[in-house]
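These are the residues of each chain, in order.
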Amino acid sequence: MSGEQARKLTVLVAIWALLLLAPYWMPPLGGYTALGTRVLVLGLAAMSVNFLLGFTGVLSFGHAAWFGLGAYGCGLMLKFIALSTPLGLIAGTVLGGVMGGLLGALIVRRRGVYFAMVTIAFGQVFYYIAFQWSSLTGGDDGLRPFSRQPLHLGFATVDILSDATAFYYFVLFCFALAVAIMGFILRSPFGRTMLAIRENERRARFLGIPVERHIWIAFTLSCFFMAYAGSLYALVNNFADPRGLHYSQSGDFVIMAVMGGMRSFWGPLLGAAVFVVLQDYLSSVTINWMSFVGLLFVLVVLFFPRGLLGVIRRKSEA
Amino acid sequence: MTQLLLFNVTNGLIIGAFYVLMALGLSLILNLSNVINFAHGGFLVIGGYIAYTITPYVGFWGALLIAPPLTAVIGLAVERVLIRPLYGRDPLYSLLLTFGLAFIIEDGTRFIWGAQGKPVTIPAFLAQPLSYEFFFITGYRLFMVAVVLFTVALLFLLLRYTRLGIRIRAGTLDLETVSALGVNVRALRSLNFAVGIYLAGLSGVLAAGQLGLEPTMGAGVLMPSFIAIIVGGVGSLTGTLLGGLLIGVASGLAAVFLPAASEAIMYVLMAVVLLIRPRGLLGEEGMMT
Amino acid sequence: MSLLEVRNATKSFGSLVAVRDVSLSVRQGELRAIIGPNGAGKTTFFNLISGFFPPTSGTVTFDGKDVTALSVTKRVQLGMARTFQITEIFPELTVHENVRIGAEVAAGYRLRPWISRTEAEKVERTIEETLALIGLSAKANRLVGELAHGDQRAAEIAMALTLRPKLLLLDEPTAGMGDQETYEITQLIRRLHRDSNFTIVLIEHDMRVVFHLADHITVLDQGKLLAEGTPQEIGANEAVQAAYLGKAA
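Residue numbers (the numbering used here), protein chains in the order written: chain A, 1 to 318; chain W, 319 to 607; chain E, 608 to 856.
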């Protein structure tokens with residue numbers, strides 16, 4: 001048991017060391033810091049999807065809606081109301097999270113494929129709103145211009161706008177905050193009821209867990225995490241785009257989670273890293289990158305359904 | 319005004335008929351195999367492009383007869399090789415697989431036939447308006463509706479009276495029992511999948527004649543088909559039929575009064591239905607959980 | 608006073624009547640067995656008691672409260688726990704984790720984002736006591752999904768016990784088990800009844816188990832109440848013998 005804990009601690013230290021040192025080891029390997037920032041944000045989004053998918057066993061295929069709403073909330077705040085990065089983050093997180101929670105209450109009784117379908121379809125509602133309401137959102141061209149603002153900490157000002165490394169560390173800080181909360185919830189009694197529902201809904205119900213209410217809470221929490229990630233994404237790009245709400249974006253998040261390993265906490269981050277780097281590379285070498293991404297989906301489903309971490313874990317156990 | 323209204327309602331019905339064909343295919347596959355076929359729009363595109371390719375040799379009528387079964391054969395191959403291994407696993411996997419497949423099909427058609435739209439020539443006598451006053455009712459549109467009506471009627475008869483159809487319906491309700499009765503469930507699912515894809519292929523041919531062809535058109539009809547199923551109630555084919563027509567007409571009407579909302583109206587309709595009747599118009603109680 | 612009182616319960620699915628006008632009264636501390644040939648409506652009747660679905664007509668009273676319209680969750684909170692014919696567990700979690708979820712829910716912590724050290728220790732004590740009672744202490748850190756069938760069943764009963772139920776409903780606890788496992792589960796149920804004073808209602812096919820354990824036996828046939836009485840009375844009842852022999856013939 002203590003060997004297991006030591007192993008976990010080692011992995012944890014390794015992950016954080018890698019993340020903290022990314023601006024130093026990425027460029028020599030041909031990466032660039034901004035790519036690292038994108039991995040963090042999309043990884044956080046994939047982990048938020050997995051909070052629901054991997055740990056509660058509920059398949060939402062419309063989570064990009066909350067991600068995109070977060071981005072728009074953040075962008076609108078920065079563009080129209082206040083030039084403040086923290087306020088932008090809060091606005092985006094609240095907008096996406098609250099909308100997600102409201103919708104969740106409507107659909108939480110659905111299950112399985114039906115739940116997936118309803119989440120896809122409702123996700124598209126927000127896509128169309130962002131697309132059609134051009135006077136507010138900029139429509140198909142996206143929301144611009146706005147930009148993240150330097151952070152005023154009282155004793156110092158951090159220029160996260162033009163200093164890519166400073167921005168990376170800002171995003172890493174935000175990422176760490178969300179991930180810590182997520183991990184904390186998953187280790188709580190409530191988090192264990194999520195696992196119970198994933199493992200066996202009937203048994204969970206017959207232990208006295210009001211399953212629908214717990215799924216709704218998990219769904220809403222996951223929407224808040226998602227919207228938070230979306231807000232960060234708006235800061236990364238200084239831009240918000242309707243495609244960020246589209247169901248194909250949801251599909252990307254789900255495949256990141258599955259590719260990395262749904263059953264593991266960090267798997268989706270790994271999945272996001274592989275996905276982002278691959279997409280970055282493919283779109284630079286071929287115009288048919290869509291086919292390759294599609295092929296990736298097919299291959300992951302057929303050959304790596306337990307994800308990269310699942311494969312590694314199984315190997316190490318064997 | 320009356321004419322405009324009529325124009326848009328007719329339009330809505332025709333679009334609705336499309337949605338119905340697509341949604342029925344999706345529904346068949348969903349009900350029996352618990353697979354959300356994201357690539358369904360892709361099969362519509364394949365059907366359309368096959369028709370486009372063979373029309374110069376066999377004519378429009380030939381294409382109408384040949385393209386859908388060819389599409390179904392491709393669908394059958396896909397089901398055998400890619401989807402069959404996923405039955406019995408979390409529906410997440412088949413969803414992701416067909417999702418990727420939709421990408422591949424869209425990109426593939428673009429690679430083979432180009433990104434530009436392609437017209438499919440329809441027989442001249444069908445292209446004529448039927449009357450000067452109602453210029454929008456072309457022979458082709460009437461013809462399309464007739465084909466859809468005929469196909470849907472045939473499908474429902476097949477499901478009600480043939481052995482295959484009865485097995486499909488029984489399997490939808492209780493697959494285990496059907497399997498215990500000695501029905502080959504694998505073959506049943508394959509055939510059922512092929513029927514669903516046939517309908518997508520047929521939609522593709524019909525759509526090609528009306529709208530021309532584009533690689534992205536599959537994704538465009540997918541969402542309305544989903545909504546048709548949700549509105550009608552998962553598990554009920556009659557519901558799907560009703561749902562498709564309803565959202566078609568609703569978006570037709572919205573186009574008259576609030577053009578920007580013609581797409582959004584479907585979603586509003588869905589939200590209202592789910593609020594008032596969570597299982598959809600004709601959904602079975604047992605299907606919802 | 609009786610702990611569980613079912614009055615004139617009927618359940619029909621469309622034209623099929625699975626349970627017809629069945630009444631049942633279980634005393635505090637009793638061990639009641641429900642038997643009957645296949646298709647007699649035993650599990651349907653169980654589902655009515657535990658709230659899996661509501662009866663078409665009739666009432667269920669539990670611990671002095673009319674629970675006919677209450678959800679499963681509410682009934683569990685009132686002190687009704689059950690196991691299933693096909694074991695329902697959390698396969699990818701360890702025995703300890705399985706039982707812990709039950710213990711935490713029972714302690715009222717299910718919505719807590721954290722629990723204090725004392726609360727955690729209290730939960731841990733419940734888990735240890737339950738595992739000791741059920742005889743699974745040695746296997747606490749094994750994944751439940753990897754255990755033998757009998758141990759899985761024991762783990763399911765352990766989860767139900769963490770709820771400290773007033774009434775324990777066991778649906779065919781020995782289903783699919785060999786002689787040795789059947790014997791062990793029977794001994795376990797006997798201990799729970801005799802030593803820990805649990806009130807238990809169980810459905811059972813194995814007549815050795817039934818006659819060994821039960822204070823009272825209720826016999827259902829074709830959805831109807833056929834007979835009720837002590838094991839001696841049921842053993843001598845001609846209608847019961849006819850029902851079983853009739854099926855066998």
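Rather than coming from a laboratory, the hints here were simulated on the basis of the structure.
Quick caveat: nothing in here was measured; it's all calculated off a predicted structure.
Accuracy of the hints is not assured; some may be wrong.
To spell it out: a stretch of chain A is covered by chain W in this simulated footprint if at least three of its residues, at any positions, have a beta carbon under 8 Å from a beta carbon of chain W; those stretches are [said to hold, decoys possible]:
no.: 1; region: 85 to 92
no.: 2; region: 117 to 125
no.: 3; region: 253 to 260
no.: 4; region: 281 to 294
no.: 5; region: 297 to 307
No residue lacks a Cβ here, since even glycine has one placed at the ideal position from N, Cα and C.
Against the structure, the hints:
no.: 1; hint: 85 to 92; in the structure: violated (count 0)
no.: 2; hint: 117 to 125; in the structure: holds (count 7)
no.: 3; hint: 253 to 260; in the structure: holds (count 3)
no.: 4; hint: 281 to 294; in the structure: holds (count 5)
no.: 5; hint: 297 to 307; in the structure: holds (count 6)
Hint violations for this structure: number 1 only, all remaining hints satisfied.
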